[in-house]
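Trainee: Build the complex from these two chains, which are given one at a time in their own frames, with help from the hints.
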Amino acid sequence: QKEVEQNSGPLSVPEGAIASLNCTYSDRGSQSFFWYRQYSGKSPELIMSIYSNGDKEDGRFTAQLNKASQYVSLLIRDSQPSDSATYLCAVKRGFKTIFGAGTRLFVKA
Amino acid sequence: DAGVIQSPRHEVTEMGQEVTLRCKPISGHNSLFWYRQTMMRGLELLIYFNNNVPIDDSGMPEDRFSAKMPNASFSTLKIQPSEPRDSAVYFCASSAGQQYSNQPQHFGDGTRLSIL
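Protein chains in written order, with our numbering: chain A, 13 to 121; chain P, 74 to 189.
Calculated directly from the structure, the hints in this document are not laboratory data.
Any given hint could turn out to be false.
[To be verified] Straight-line Cα separation of at most 30 Å, BS3-like style, residue types lysine-lysine; simulated pairs:
hint, chain 1, residue 1, chain 2, residue 2
1, P, K151, A, K79
2, P, K97, A, K54
3, A, K108, P, K151
So that you can see chain P by itself, here it is in the shape it has in the complex (with noise of 0.2 Å):
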């Protein structure tokens, strides 16, 4: 079975550029969830949708980021502009079930991100 799909696997742009971060959850699962991982901060969740609908974005670290869930099977997460203090791994995770379901997250690869 396929798992959870991430795309680009690896971003280097200049600082001001426009960054999207492509994830397709595993088929079936009804949560999605974005993380960013840096070394000093460790895994952050930045937002997570449940049937498509984002219910909290609370994680999102300012306006520069967004997130969209247009389908069941595609999300994207945007930066823009992007500056050099979002360089992270962004991970993409999803999961099955209803709110207080015990099913676990399931990660994509990530996708690596530079701003130089």
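Next comes chain A alone, as it looks inside the complex (with noise of 0.2 Å):
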């Protein structure tokens, strides 16, 4: 079992859709968990952090977590075609952050 788990996609929604990327993560101890875009040839952005259960909004983004059921999403309102990204789900325990896979994201015009 990887300790973050992501589905791969591609998702593909159409634009103004609303977006919904799941993660999972097998360690209890974690105590941060975080969203990252990365569009092609760049390097991770952090968009959103979360760090107790319930959701947290910025904007048109919403992050969720679930403790208990060690399941973090990140809901994207209005997605727009600049959206379409890998979105990578990342979880702190300690000093070390463990990057999931990552899930590609495409938004139709």
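Mentor: This is the structure we're talking about:
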């Protein structure tokens, strides 16, 4: 079992729809959770952080955390073609951050 | 504010040559991480430092790989001798805070390495 698992996709959604990206993790001692966006040929860019159970909203992005289920998700509302990228889930325990393999998202105009 | 700075951006060299990748973390950040990214294996953590001290190098694939952090503002990742399978994008990232802080990592632009 991988430490951080994501569906590789691709996930294809029409412009204006909600994109839902999911992530599960295996280490119950993990304390911090992050979503990074990576455009092709570019470096990962932090878009959301979440540390406690529940929802956290930032603009069109909502991160959701359920520690009991070891589940993290990212919702992108009103998806735009510019949101097309790979989204990496990252889970931190201690010094170490483990990244998932990423979900490729395509937003169709 | 300056982000994480990596050099060179691209490196093409022949098998057997020594390769040195460089990284300058964000000022004030006390943790530094080296990653390798390939299509097949995704983003792999190679080594990380805290306060210039290597904490975990278990991700370093072979003895051909070595990393140093002589001071808080500079780190190197060296491959000697290089092999074609080392071709990848190498990222450096840095973060602030202590071991169980919630601080995220911030990535440099990466070095795209091609070994012929």
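Trainee: Now tell me if each hint is right for this structure.
Mentor: Verification of the supplied hints:
At roughly 39 Å between alpha-carbon atoms, K151/P and K79/A are farther apart than 30 Å, so this suggested pair is violated. Our distance criterion of 30 Å between C-alpha atoms is met by K97/P and K54/A, whose separation comes to about 18 Å. With a C-alpha separation of about 22 Å, the suggested pairing of K108/A with K151/P holds against the 30 Å cut-off.
In terms of the numbered hints stated before, the structure departs from hint 1 and from no other.
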